[in-house]
Amino acid sequence: AQTVTQSQPEMSVQEAETVTLSCTYDTSESNYYLFWYKQPPSRQMILVIRQEAYKQQNATENRFSVNFQKAAKSFSLKISDSQLGDTAMYFCAFMKHWRTSGSRLTFGEGTQLTVNP
Amino acid sequence: NAGVMQNPRHLVRRRGQEARLRCSPMKGHSHVYWYRQLPEEGLKFMVYLQKENIIDESGMPKERFSAEFPKEGPSILRIQQVVRGDSAAYFCASSPSGASQPQHFGDGTRLSIL
Chain G
1 AQTVTQSQPE
11 MSVQEAETVT
21 LSCTYDTSES
31 NYYLFWYKQP
41 PSRQMILVIR
51 QEAYKQQNAT
61 ENRFSVNFQK
71 AAKSFSLKIS
81 DSQLGDTAMY
91 FCAFMKHWRT
101 SGSRLTFGEG
111 TQLTVNP
Chain S
1 NAGVMQNPRH
11 LVRRRGQEAR
21 LRCSPMKGHS
31 HVYWYRQLPE
41 EGLKFMVYLQ
51 KENIIDESGM
61 PKERFSAEFP
71 KEGPSILRIQ
81 QVVRGDSAAY
91 FCASSPSGAS
101 QPQHFGDGTR
111 LSIL
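Quick note, the sequences are listed as chains G and S, same order. Numbering-wise (my numbering), the first sequence opens with residue 1 and increments by one. Numbering-wise (my numbering), the second sequence opens with residue 1 and increments by one.
In isolation and in its complexed conformation, chain G is listed as follows:
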């Protein structure tokens, strides 16, 4: 079974600064996907960024980027130029790769990020 651990229950950052959220995972799989989802106060689940384990290059999406360290099983999220709208709960998630089928997501417990003006 896979496990995902987010060791920071809460974090805060000043507007326009950079913040990094940590995530580690445990798996015996060699091929998988990692995700960061954002859950704002509206409680929607919004996909922020996705990383395929077989790709060495770190994924980026505008102000969001990841530091994927496969050997260390670490998958941190960096948010640059933080904005007030980034205030949300952030969940790290793991998905095993299946060639012909979908797969469940395994989530961490989340990190509540607050961006202060």
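If you are wondering where the hints come from, they were derived from the structure by calculation, not from laboratory data. Check each hint, because a few of them may be wrong.
Taking lysine-lysine pairs in the DSBU-like style, the calculated list, with each CA pair at most 35 Å apart, reads [to be verified]:
#1 55(G) x 51(S)
#2 27(S) x 78(G)
#3 62(S) x 96(G)
#4 44(S) x 73(G)
#5 27(S) x 51(S)
#6 27(S) x 55(G)
#7 73(G) x 55(G)
#8 55(G) x 78(G)
#9 96(G) x 27(S)
#10 55(G) x 44(S)
#11 73(G) x 71(S)
#12 62(S) x 73(G)
#13 96(G) x 71(S)
#14 44(S) x 70(G)
#15 51(S) x 96(G)
Got chain G sorted already, so can you dock chain S onto it with the hints?
Using the frame of chain G, we list chain S on its own:
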């Protein structure tokens, strides 16, 4: 393009009643997943369905909970004889067919048990 549609947004039931939660996947998506989020916790997988088939129900409680995704119509998560501990947000997600694809989430149904 409509996203994943869940209804109702909020559902209140008394202990012992039945709760039915509905999920219409995004257009073109044939895979549906249900997750439960207890207060102050992360999302936990419950069940994965394709049309007319349950693929993985390993996260579903053995009693009182059932799920279906019929050939026509939305996926339904059914909770019989609800108890206070069933109070949670229930999220549905969908993905296209084929190899592991990102899941797109609905806005969730918040179930409250009186």
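Check: What are the numbers of the hints that this structure violates, sorted from low to high?
Finding: Those not satisfied come down to hint 11.
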